[in-house]
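If you want the building blocks of each chain, they are given just below.
Protein chains: 2
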Amino acid sequence: MIYLDNSATTKPYSDVLDAYIKVSRDFFGNPSSLHPAGKQAERLLKQTREMAARLLNVKPAEILFTSGGTEGNNLAIKGTARRHKNRGKHLITTEAEHPSSFETFQELEREGFEVTWLPADETGTIKIEDLKAALRDDTILVSLIHVNNELGSVNPVVEAGEYLKKYPKIRFHVDHVQGIGKVPLRLTDAGIDFCTISGHKFHGVKGTGLLFAREGTVLSPLFSGGSQEWQMRAGTENPAGAAAMVKALRIHLEKSVSGNEKLNLITGGLIASLNDIRGIVVNTPEARAPHIVNFSVPGLKPEVLVQAYGEKGIYVSTKSACSSREPEPSRVLSACGFSREVAASGIRVSLSYDNTEEDIHTFLNYTKEIVPSLLEVAAK
Amino acid sequence: MIYLDNSATTKPYSDVLDAYIKVSRDFFGNPSSLHPAGKQAERLLKQTREMAARLLNVKPAEILFTSGGTEGNNLAIKGTARRHKNRGKHLITTEAEHPSSFETFQELEREGFEVTWLPADETGTIKIEDLKAALRDDTILVSLIHVNNELGSVNPVVEAGEYLKKYPKIRFHVDHVQGIGKVPLRLTDAGIDFCTISGHKFHGVKGTGLLFAREGTVLSPLFSGGSQEWQMRAGTENPAGAAAMVKALRIHLEKSVSGNEKLNLITGGLIASLNDIRGIVVNTPEARAPHIVNFSVPGLKPEVLVQAYGEKGIYVSTKSACSSREPEPSRVLSACGFSREVAASGIRVSLSYDNTEEDIHTFLNYTKEIVPSLLEVAAK
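Chains as they are written, first to last, in our numbering: chain S, 1 to 380; chain G, 1 to 380.
The set of hints was computed from the structure by calculation and includes no laboratory data. It is possible that some hints are incorrect.
[What the hints assert, rightly or not] Below, a list of computed lysine-lysine pairs in the DSBU-like style, where the Cα atoms sit at most 30 Å apart: (1) Lys39(S) with Lys89(S); (2) Lys22(G) with Lys85(G); (3) Lys11(G) with Lys46(S); (4) Lys368(S) with Lys89(G); (5) Lys255(S) with Lys312(G); (6) Lys22(S) with Lys11(G); (7) Lys46(G) with Lys22(S); (8) Lys11(G) with Lys89(G); (9) Lys11(S) with Lys169(G); (10) Lys89(G) with Lys39(S); (11) Lys46(G) with Lys89(S); (12) Lys312(S) with Lys368(G); (13) Lys39(S) with Lys301(G); (14) Lys85(S) with Lys89(G); (15) Lys368(G) with Lys11(S); (16) Lys169(G) with Lys22(S); (17) Lys46(S) with Lys301(G); (18) Lys301(S) with Lys46(G); (19) Lys11(G) with Lys59(G); (20) Lys85(S) with Lys85(G); (21) Lys368(G) with Lys39(S); (22) Lys22(G) with Lys11(S); (23) Lys127(G) with Lys166(G); (24) Lys22(G) with Lys46(S); (25) Lys132(S) with Lys89(S); (26) Lys301(S) with Lys39(G); (27) Lys11(G) with Lys89(S); (28) Lys127(G) with Lys262(G).
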């Protein structure tokens with residue numbers, strides 16, 4: 001199997017699964033329980049939180065464990081909007097967000113909030129001037145995806161954070177799910193209030209995630225109940241899931257040190273080669289994250305191509321997994337101004353640090369063979 | 001270790017952990033992905049859902065996987081209230097709910113809903129007449145805890161469900177987290193619309209749960225995003241967590257066949273013996289679930305007793321784990337009309353099918369020794 005769908009999900013590292021099992025077996029107590037089994041679990045969770053904080057260079061009290069990226073985005077966005085609605089009801093995001101942000105803002109529109117949808121261009125990014133122009137007295141939240149999950153483009157979140165420091169009452173949330181490790185992002189003193197990451201995108205286990213919530217921020221919780229996670233996320237904690245995620249994060253960040261350059265070379269070569277294949281247009285812009293390459297074969301249904309690759313043991317995707325069942329052209333590509341033909345035929349290749357040049361070589365060889373032949377069939 | 005805090009959490013069965021690992025390793029694809037790795041994960045998740053449905057005697061389309069009991073209660077309650085608020089804004093629950101329901105209703109009161117809090121008496125249960133009297137034209141939801149998590153008392157949810165069939169526009173939710181297996185509950189044609197269970201309460205893994213949502217019901221989601229879980233719970237599915245939970249559910253329900261009678265005998269003997277110890281009052285009523293016994297030692301701080309047991313390797317709890325950090329007397333016992341002294345000194349012993357008579361024998365022997373001696377110290 002040549003797995004090139006790492007932006008949809010990744011295979012958990014075996015060390016990660018070992019950690020999960022060890023904690024589930026030896027630290028099964030409820031961290032809220034007062035007896036030794038509870039206290040051991042609580043201590044382990046505390047250490048896990050401290051480790052996460054060290055890896056992200058933030059404070060342990062700024063780490064909130066969640067069930068994943070969708071929860072993190074929902075919690076940061078709905079939690080801020082509902083908590084601060086008395087301050088104002090204006091929210092800002094972009095047209096090219098992941099469904100877990102996009103749909104959340106649509107839900108908030110139905111609740112009576114007003115949303116400014118910043119346009120993204122063919123580079124998949126917004127213009128910082130557009131953000132500046134959109135700010136209003138009643139703006140309470142700006143939320144940007146860092147690395148676009150379909151295109152691999154990189155939004156100017158550092159610039160945005162710097163600028164938004166002038167507006168201490170506006171909360172700034174970054175969807176860092178695709179960015180973590182791949183496009184390093186400083187969280188301390190960066191003007192970022194909330195930052196979402198998801199465990200299964202970097203070889204952790206599914207059902208785990210983390211929300212960075214800057215000290216001093218508050219959120220209206222999605223889950224009411226016990227006082228876990230700084231009273232912002234009720235429910236019995238999942239120490240095994242958290243420990244597995246943080247172990248994965250450590251390995252992921254270690255690999256990123258040399259991994260990003262390697263990935264960048266591999267995907268750079270891939271883009272150059274794809275550009276040479278007739279019928280293919282590359283959608284990923286020049287300024288990009290190292291691990292995602294998006295291209296289209298106008299005139300070809302992307303499902304057909306995904307299936308053809310699949311038969312050869314090569315796994316790629318159409319758009320985001322969360323929207324892959326919808327028959328419509330990619331909402332993200334359409335929003336970025338790509339033609340309907342291009343938006344309807346996008347293929348995403350997404351790598352992890354474990355992919356090799358050989359993987360891409362095999363992928364390319366097969367692409368050169370299959371794309372012309374499928375185009376020929378489609379033309380008939 | 002004699003673990004008698006199974007209502008807080010349970011130790012995962014080794015078969016359950018094996019299932020978790022196998023699925024995480026061999027079916028790691030994103031179930032929404034269109035390639036074979038995605039489709040394999042999707043198929044496995046489908047089979048897991050079907051198995052859950054068979055075990056609960058409901059339809060696969062009525063199973064919604066969640067991250068646990070707190071999420072299930074929040075989703076059913078907030079989801080119904082927000083979805084049907086145009087029909088009416090009156091909700092009914094009880095004063096003796098778990099925090100994940102109790103706090104959720106309090107949150108909904110702040111949102112503008114009106115809540116009738118049915119009183120519970122010293123048996124820990126509501127009177128069906130009180131429920132009937134509380135129903136109004138604008139009532140949209142009734143939510144009852146089935147087995148009380150502190151007292152082990154059993155609310156008349158079957159009677160309530162039967163009665164509520166006359167009101168097809170009122171949704172009926174049951175918090176079945178402590179009841180599952182221990183007090184069997186029929187879900188088909190029982191007038192129950194939503195029913196919450198949590199994986200880690202029956203030797204599954206933490207971070208997993210399930211909400212039964214009767215066919216034809218709709219909920220306003222807590223998580224917006226992708227169209228997973230019948231569009232009521234966005235986010236990448238967790239097939240390993242679901243498979244582990246459903247395996248645990250199968251084992252748990254198998255054990256319940258002979259296990260409940262055994263547990264009932266053991267806890268019956270425990271209650272009789274506790275009644276004979278001077279200074280102890282048993283709070284659990286006669287009609288009760290087989291696995292929970294709550295007693296108080298008025299005049300003694302329950303944390304002191306929990307710690308004394310802990311030093312002997314015996315693990316029990318004060319109130320629910322989700323509220324064990326709060327220094328106040330138990331809200332649930334207070335609501336049921338127990339005196340402040342009793343409510344402030346409650347101890348919960350909660351068994352699983354794996355506890356033995358020997359465990360309880362050891363517990364009792366130590367109780368007979370430690371309670372009088374701690375009372376003596378406290379009296380000084």
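Taking the hints in turn, this is what the structure says about them:
no., hint, in the structure
1, Lys39(S) with Lys89(S), "violated (42 Å)"
2, Lys22(G) with Lys85(G), "violated (44 Å)"
3, Lys11(G) with Lys46(S), "holds (20 Å)"
4, Lys368(S) with Lys89(G), "violated (61 Å)"
5, Lys255(S) with Lys312(G), "violated (46 Å)"
6, Lys22(S) with Lys11(G), "holds (12 Å)"
7, Lys46(G) with Lys22(S), "holds (28 Å)"
8, Lys11(G) with Lys89(G), "violated (41 Å)"
9, Lys11(S) with Lys169(G), "violated (45 Å)"
10, Lys89(G) with Lys39(S), "violated (42 Å)"
11, Lys46(G) with Lys89(S), "violated (41 Å)"
12, Lys312(S) with Lys368(G), "violated (70 Å)"
13, Lys39(S) with Lys301(G), "holds (19 Å)"
14, Lys85(S) with Lys89(G), "holds (21 Å)"
15, Lys368(G) with Lys11(S), "violated (53 Å)"
16, Lys169(G) with Lys22(S), "violated (47 Å)"
17, Lys46(S) with Lys301(G), "holds (26 Å)"
18, Lys301(S) with Lys46(G), "holds (26 Å)"
19, Lys11(G) with Lys59(G), "holds (29 Å)"
20, Lys85(S) with Lys85(G), "holds (20 Å)"
21, Lys368(G) with Lys39(S), "holds (26 Å)"
22, Lys22(G) with Lys11(S), "holds (12 Å)"
23, Lys127(G) with Lys166(G), "holds (18 Å)"
24, Lys22(G) with Lys46(S), "holds (28 Å)"
25, Lys132(S) with Lys89(S), "holds (17 Å)"
26, Lys301(S) with Lys39(G), "holds (19 Å)"
27, Lys11(G) with Lys89(S), "violated (46 Å)"
28, Lys127(G) with Lys262(G), "holds (29 Å)"
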